[in-house]
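Trainee: So you can see what is in the structure, the chains are spelled out below.
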Amino acid sequence: MDKIRALIVDDSSVMRKIVERSLRQSGIELEKVVEAANGSEALAALQSNVVDLILCDINMPVMDGLEFVRQVATIGIAKGVPIVMITTEGSESHVVQALSAGARGYIRKPFTPDQVKEHVLPLLGKKP
Amino acid sequence: MSTAGGLAKRSHQENWLPILELAIQEVFEIMLGCQVKPMAPSEHKANAEFTAMVGLAGALCGIMTVCCDANTARQIATCMLRDETSSEEHAADALGEICNMITGNFKNKLAGTDEQCMLSVPSVISGGKHTFRSLADGNSIETALLFEGEPVFVRLQLHS
Numbered sequence: 011m012d013k014i015r016a017l018i019v020d021d022s023s024v025m026r027k028i029v030e031r032s033l034r035q036s037g038i039e040l041e042k043v044v045e046a047a048n049g050s051e052a053l054a055a056l057q058s059n060v061v062d063l064i065l066c067d068i069n070m071p072v073m074d075g076l077e078f079v080r081q082v083a084t085i086g087i088a089k090g091v092p093i094v095m096i097t098t099e100g101s102e103s104h105v106v107q108a109l110s111a112g113a114r115g116y117i118r119k120p121f122t123p124d125q126v127k128e129h130v131l132p133l134l135g136k137k138p
Numbered sequence: 011m012s013t014a015g016g017l018a019k020r021s022h023q024e025n026w027l028p029i030l031e032l033a034i035q036e037v038f039e040i041m042l043g044c045q046v047k048p049m050a051p052s053e054h055k056a057n058a059e060f061t062a063m064v065g066l067a068g069a070l071c072g073i074m075t076v077c078c079d080a081n082t083a084r085q086i087a088t089c090m091l092r093d094e095t096s097s098e099e100h101a102a103d104a105l106g107e108i109c110n111m112i113t114g115n116f117k118n119k120l121a122g123t124d125e126q127c128m129l130s131v132p133s134v135i136s137g138g139k140h141t142f143r144s145l146a147d148g149n150s151i152e153t154a155l156l157f158e159g160e161p162v163f164v165r166l167q168l169h170s
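Residue numbers (this note's numbering), protein chains in the order written: chain C, 11 to 138; chain P, 11 to 170.
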């Protein structure tokens, strides 16, 4: 598998590290990991970084994950880059909102590396 | 970790303690790779050097708190990061995220609550001299669990 560049968006630095570790445990080779603590920081990061995958929390200060996904679609940056939400918000309405806004996957916390593998690999064109 | 159909209804609060304990055990097992065992809260005195809290609004209104001593908070961060060099900042961050996941996992298990309940971002207070008082005036559900031999106290205080 080609190495990928990932943007990980979460207000918890510990959780960003866990998501990165889960990607590596899924067999994904990471060329670069860009971190952001909220949607606003993530939008700024996308102005200066090209990424292949975005993993994003929902409940964050400043700009939440749903608004970030909407802004990505509105502004038209990161076109075609799959966005996967990783969040404690498990309700169907949150899933529908996220997918309607443009997210391609949804993982509920707490999560296992296998769940990351199952949801992320197909979006990168690989079998889980 | 959402359970199809939920495990309990809003009106059956007397059934919530085992659901809360299950939610806690799942978070520790999945995210830390550790088993936690329920214990009687009176077995250990609370030494709340770290208190993490997440607010709930909507169908379920109140606050979830998770508290423990500083060494336990650092140990939680170490387990989450698989790193021996966890700082106080990591300890606070990790405990906040644990509280966040316990709260989300718990509400996802309650029938009819998941769709109508919003969570705040977590906040964490640190320091040995603090006292936490919630203005929530309803029932509370409290449990204590042993993590690596040390107590972790979890409390859901509800508005009436």
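Among these hints, one or two may not hold up.
[Said to hold, decoys possible] List of simulated lysine to aspartate or glutamate pairs, EDC-like, C-alpha gap at most 20 Å:
hint, chain 1, residue 1, chain 2, residue 2
1, C, Lys13, C, Glu45
2, C, Lys27, P, Glu99
3, C, Lys27, P, Asp93
4, C, Lys42, C, Glu77
5, C, Lys136, C, Glu30
6, C, Lys137, C, Asp124
7, C, Lys13, C, Glu41
8, C, Lys137, C, Glu45
9, C, Lys13, C, Glu102
10, P, Lys47, P, Glu31
11, C, Lys27, P, Glu98
12, C, Lys127, P, Glu39
13, C, Lys27, P, Glu31
14, C, Lys89, P, Asp93
None of these hints come from the bench; they were simulated from the model.
Trainee: Give a verdict on every hint.
Mentor: Going down the list of hints, with the structure as the test:
no., hint, result
1, Lys13(C) - Glu45(C), "holds (17 Å)"
2, Lys27(C) - Glu99(P), "holds (14 Å)"
3, Lys27(C) - Asp93(P), "holds (11 Å)"
4, Lys42(C) - Glu77(C), "violated (25 Å)"
5, Lys136(C) - Glu30(C), "holds (18 Å)"
6, Lys137(C) - Asp124(C), "holds (12 Å)"
7, Lys13(C) - Glu41(C), "holds (5 Å)"
8, Lys137(C) - Glu45(C), "violated (26 Å)"
9, Lys13(C) - Glu102(C), "violated (33 Å)"
10, Lys47(P) - Glu31(P), "holds (9 Å)"
11, Lys27(C) - Glu98(P), "holds (16 Å)"
12, Lys127(C) - Glu39(P), "holds (19 Å)"
13, Lys27(C) - Glu31(P), "violated (26 Å)"
14, Lys89(C) - Asp93(P), "violated (36 Å)"
Of the hints listed earlier, those the structure fails to meet are numbers 4, 8, 9, 13, 14, in rising order.
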